[in-house]
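Enquirer: Work from the hints to combine the two standalone chains into their complex.
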Amino acid sequence: MRFTRGAILLCFVGSLGGCAGTAAFGRTENYESAWPAISGYTASNIDVLVLDKRPYVLSNDKKQSFVGLMRGGFGNPFDIYTTSGLPLSEDIEHAVVKGLQNVGIKSDGISASDGGLRQAKSTNGKLLLITLTEWKDDTFTTPHFEFNILAEVYDEHGMQLGSQQLQGSKAVSSTIEAGRQALSDLLASNSVSKALLN
Amino acid sequence: MRSPKLLPCLFALMTLSGCASYSYNNEKYSSASDALAGQQRYLEGVANDVAVLPTSISGTAIVITPSKETCEALGVTKSGAPRQEFIDYAATNEQYEFANFYKYLEKSKAFSRVESRIVDHPLLEARNVSASYVATIYLHMVSPSQVGWYMLTPGAKEPKQINFDATAAPGAPKINSWIKSIVDNMSKGN
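Just so you know, the protein sequences line up as chains P and X, in that order. Counting the first sequence from 1 gives a position; this note's numbering is that position plus 1. Counting the second sequence from 1 gives a position; this note's numbering is that position plus 1.
Treat the hints loosely; a few may be bogus.
In silico BS3-like pairs for lysine-lysine, Cα to Cα no more than 25 Å straight-line [what the hints assert, rightly or not]:
1. X:K161 / X:K108
2. X:K29 / X:K69
3. P:K107 / X:K69
4. X:K189 / X:K161
5. X:K108 / X:K29
6. P:K107 / X:K161
7. P:K107 / X:K158
8. P:K54 / P:K64
9. P:K122 / P:K195
Reference listing, derived: stretches of chain P covered by chain X, where coverage requires no fewer than 3 residues with Cβ under 8 Å from a Cβ of chain X [said to hold, decoys possible]:
10. 32 to 38
11. 98 to 112
To list a few chain X residues with every Cβ distance to chain P over 12 Å, as calculated [said to hold, decoys possible]:
12. N26
13. V47
14. S57
15. S59
16. T71
17. C72
18. D89
19. Y97
20. G156
21. Q162
Derived by calculation from the structure, the hints in this document are not laboratory data. What you are looking at is a predicted structure, and each value in this text was computed from that prediction instead of being measured. The C-beta atom is built at its ideal place from N, Cα and C for all residues, glycine as well.
Pulled out of the complex, with its shape left as it was, chain X reads as follows (with noise of 0.2 Å):
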């Protein structure tokens, strides 16, 4: 007689939690601003772990990266019929994710100063502005699948694409590729 007693309070318990979840980084979280907080631990660490050069470059760079709306649009994959508290969930994280980038390249010293900016459309914002930045790097996003980091100099006529060391290990090694691509770009000229 047990179990049939127990019955009826499984399938409340199974109403009730509604099976929500967030996970980031293999770690679950009961709700979307636990999670958001795990993932700035993270970001946090991985910036500290960032390598600060020798010597900068002069002038300011900004660093251009998506609102959270283009995110939910252009960089979250969407299979099945999420929950919108779920998108939402995973277009702020993308959001932090490449918001952070400033950070890191704040924290290298590659340039003597880093300004950042959130935009709905980076490409549009990153032609706006160019002339008045040393650099200006933005993150392009097309569609899930078709997401990169460009950059213009005053005078280019075309971008040049910021490439990450595929070998490197994920975390700081990968964000110090990236900063390495930037600077062999300035090194390289229009």
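Only chain P is shown next, with the shape it has when bound in the complex (with noise of 0.2 Å):
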């Protein structure tokens, strides 16, 4: 009688543990996708590069490639990482690139290991520079998307031509599409858009 009541135990917790594990462990994100909606074109051809500086990440506390926390039937927290493996910083410069060439407009990513420009490579070029102080979902019943990002926008001889920031944090019903729509409020900016698209 002991022994089933254990079995019983041990199969409820399995049952939990495989229900919370399954999904909760092991979760990541693909925020490659979250391509922001872009009104308006240029033909100028816009290279993107995007500086990953949220503290946790600067300090060595969470990796590269960490976007969030999803937490199990407790409230224990699971990390969350990019589905591409990649630092989260080069899954949205992909998604930004996209969004751009989706209208028609040229656009390339940049390696951050060119961290420090801060101006268009190419003749009559420009640079969208997006840094990320904050990104990151946190997962139990409800998503919730923090996020602190700016944007800035440089051309060919360095001059900025526009910066804005923009922070939130808010219950989501999607991470990916309130990603989505952060980048595409920060990119349809007065500022952004006007130097950007002009």
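Expert: Below, the structure written as structure tokens:
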């Protein structure tokens, strides 16, 4: 009888662990697919550089591919990483480049090794520099998304043409859609949009 | 004493099953590949029922549709925290759905020849190739809620929208209305 009770308890905990583990452990997020919606067009080539300055990444507490937390049945946190396995900054760079290309704008990503770059690489081109000070989701019963991002636009001579900072912290229905919306809002802001698309 | 003995088995089965299920057209399937096979059967049925037009427009048309990556990024609504395998299924399903429009147009014989292309950025591709075709038909996606069919003809400054008849029944009647919109746009010129 003790064995039966033990078996039942073990299977029950196993089931919970299976559910929680299946739901929370080993999760990834594909921010590569968070292509921002772009309104407008420019014939200029836009170079995109994304820098990750999240404090817990700079201090090496978390990997560059860390995107947030998924919580198990008791609120215990499991780290979520990028689906690509690449740094989050590269996933977001990919998404922004694809978003620009989707409306016919020529755009390329720039390696993070060029992190000090503050001017467009090509004649008549523009550099879109995005700095992530925060970008993290936290999902227990409802996903929560927190971000603090800065966009700066430079011309080929290194002159800053515009900039905008955006931050938020809110419950969302989808972290990927929230990420897409944050990037869309950032690039649609008056200062950045005018600098990029004029 | 029966139920305590059954309980461990029940929990074990729940753990193993993982609640994975895929659906298409209100039918449930146990795997993504089965669901996609069900989709293919449905789409072939729609293509078979597309009306063949009595006359063809001379020349080659091209239908440009988005890749799976584009469908995942711009066509799949991701609420909650869906697993990547479900997103993959939805994106593949959507890519097949759109790519099949080439078959519908070919079946209708609206043009003497039809080609197809699947690319990441249909708008960009359409602009690049439109001078080579009598009609360049493409699907432009902006977000899951902003998706539309457009067409370019040589010399046209602006794309024309391709519409569906909102009152047409799903399946072949809806597709026939899409083909009619293309033919109407061709007859209007630039």
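Enquirer: Compare the structure with each hint and give your call.
Expert: Results of checking the hints against the structure:
{"no.": "1", "hint": "X:K161 / X:K108", "in the structure": "holds (22 Å)"}
{"no.": "2", "hint": "X:K29 / X:K69", "in the structure": "holds (22 Å)"}
{"no.": "3", "hint": "P:K107 / X:K69", "in the structure": "holds (21 Å)"}
{"no.": "4", "hint": "X:K189 / X:K161", "in the structure": "holds (10 Å)"}
{"no.": "5", "hint": "X:K108 / X:K29", "in the structure": "violated (29 Å)"}
{"no.": "6", "hint": "P:K107 / X:K161", "in the structure": "holds (23 Å)"}
{"no.": "7", "hint": "P:K107 / X:K158", "in the structure": "holds (20 Å)"}
{"no.": "8", "hint": "P:K54 / P:K64", "in the structure": "holds (12 Å)"}
{"no.": "9", "hint": "P:K122 / P:K195", "in the structure": "holds (20 Å)"}
{"no.": "10", "hint": "32 to 38", "in the structure": "holds (count 5)"}
{"no.": "11", "hint": "98 to 112", "in the structure": "holds (count 5)"}
{"no.": "12", "hint": "N26", "in the structure": "holds (24 Å)"}
{"no.": "13", "hint": "V47", "in the structure": "holds (28 Å)"}
{"no.": "14", "hint": "S57", "in the structure": "holds (31 Å)"}
{"no.": "15", "hint": "S59", "in the structure": "holds (29 Å)"}
{"no.": "16", "hint": "T71", "in the structure": "violated (8 Å)"}
{"no.": "17", "hint": "C72", "in the structure": "violated (9 Å)"}
{"no.": "18", "hint": "D89", "in the structure": "violated (10 Å)"}
{"no.": "19", "hint": "Y97", "in the structure": "holds (18 Å)"}
{"no.": "20", "hint": "G156", "in the structure": "holds (18 Å)"}
{"no.": "21", "hint": "Q162", "in the structure": "holds (17 Å)"}
The earlier numbered hints that this structure contradicts are 5, 16, 17, 18.
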